[in-house]
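Chains as they are written, first to last, in the numbering used here: chain S, 1 to 142; chain H, 1 to 142; chain Y, 1 to 142; chain A, 1 to 142.
Quick caveat, the hints were computed from the structure, so don't treat them as lab data.
One or more hints might be untrue.
Since copy identity is lost for identical chains, a pair holds within one copy or between any two.
With a straight-line Cα cutoff of 25 angstroms, these simulated SDA-like cross-link-like pairs (lysine to any residue) come out [as the list claims (entries may be wrong)]: (1) Lys-84 <-> Pro-126; (2) Lys-6 <-> Ile-21; (3) Lys-84 <-> Pro-69; (4) Lys-6 <-> Glu-37; (5) Lys-95 <-> Pro-120; (6) Lys-84 <-> Phe-13; (7) Lys-95 <-> Val-121; (8) Lys-6 <-> Ala-111; (9) Lys-95 <-> Ser-119; (10) Lys-95 <-> Gly-20.
Single-letter residue listing:
Number of protein chains: 4
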Amino acid sequence: MSQVFKTIRRVQFRDTDAAGIVHFSVFFTYMEQAEHEFLLSVGLGVINEQDGQTISFPRVHAECDYRSPIRFEELVEIEMVVQKIGSRSVTYQFKFSCEGRDVADGLITVACCEFSTGSPVPVAVPDRFLHPLQDYLLDPQD
Amino acid sequence: MSQVFKTIRRVQFRDTDAAGIVHFSVFFTYMEQAEHEFLLSVGLGVINEQDGQTISFPRVHAECDYRSPIRFEELVEIEMVVQKIGSRSVTYQFKFSCEGRDVADGLITVACCEFSTGSPVPVAVPDRFLHPLQDYLLDPQD
Amino acid sequence: MSQVFKTIRRVQFRDTDAAGIVHFSVFFTYMEQAEHEFLLSVGLGVINEQDGQTISFPRVHAECDYRSPIRFEELVEIEMVVQKIGSRSVTYQFKFSCEGRDVADGLITVACCEFSTGSPVPVAVPDRFLHPLQDYLLDPQD
Amino acid sequence: MSQVFKTIRRVQFRDTDAAGIVHFSVFFTYMEQAEHEFLLSVGLGVINEQDGQTISFPRVHAECDYRSPIRFEELVEIEMVVQKIGSRSVTYQFKFSCEGRDVADGLITVACCEFSTGSPVPVAVPDRFLHPLQDYLLDPQD
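Okay, chain S solo, but in the shape it has when bound (with noise of 0.2 angstroms):
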């Protein structure tokens, strides 16, 4: 069964705009700092230099549906899981949720590119990060 990765946010009061609640575009930042944090909390790093490699993830796509607002100073709780491992991406999956209230869902896929000659290449996701990733796969049937 996959593994569910949490972690907790309070909304800074940086993050809301002039409607009270936070703006929409903090939900991204916050999808982020969540998948840092997983990278992070299963040994990985969000830029990896190894064997004179340099692996890291830019984003190729990113959404979010929001279905309650939160506030400064609430207490937002992140849930992710990795729902798909492509041949050369990981698409992750968020669920917020604020004391038992649905706040969003999104999801962000990340494409694994080499960065040794400057720009991004694409390439197929290591091993030493697809054993951890597998372990917060969502369906792993797929």
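For chain S, the structure is supplied; the task is to place chains H, Y and A on it using the hints.
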């Protein structure tokens, strides 16, 4: 034939990140700014008070596909059309380019809501919004 | 002897810019977050409603001296003291460091305001704020 | 008599916070954007590569005094002059107003640095920068 709303932005230093490119979350604020410029350009407001009613448009969905990065000081062209007018929602479609290069495609769906009770109540898109929106509707036979 | 409020932050990717370092404007949001954490830690709120009054603290001055840059994923230690309690204002002093390295020094002065009429009216700092603030006052003989 | 560089910005929704006003940290990005527009307007760049040298201007000090709030969609006028040209630094002074109302005053001091070794090395402000800067110097007899 549908009209296209066009605007342009110069990338500001704060829009970039340590990868040297515009942070992926920033495209969502670019989209919102284009939408607000469009509303002003057709004589509508972001927050519309009339006859004791306050009509505004909270976001319910946002997404973006990233095709090539943009950097500090580059000029980004943004083209926006109305992809769909729902009974109580509007979907805007955005195309980002930079000197002919395809940069990103995005989508924002907003709910049409009335706020006089304090919290948002979804309502049908008022007629005075429908007419300008229809001029920019991508495919009028839908 | 005055107490020092200490907190720590890991630099998030969105905090950085194309120079590869934390953008100078971000230090001000770090300061505000430290101030808010401090208020919570001493049992006060950022927005305080009591006896029909709403007390809050809009910023009237902010400044920062930058000594060395900080980068993505670094842990920043923030130390905060109360530099001055004025009749209707409070000045907080901040010291940023990273693994013993001096990073930045900042200052924020907030006005003590009452908001029940809608717009802020400067008022004397209420007693229930004075006591915890005095514990963190830099130089108690002032 | 010194010239004044003038620019104007419309407050974007993301610039605001839950107090309904532009967040205090945003004034610093407005200042930086005005500085960058000024450099472009006088034929200089933000990052200047010439004769194997790269000259740029990291911030060493920033401050702002807040006099009255500004809100979503308001047009903010920004006036900028050069307050001081040091041997290896430049201080810019900013005045924010909105329909004649005094909004804020700010100051940014940048160090003149050469980057060809990777890390910034303070250097004297090159002649080709001095001339345009002197045209905007607040008090030429200094």
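*Provide an ascending list of the numbers of those earlier hints which the structure does not satisfy.*
Those not satisfied: there are none.
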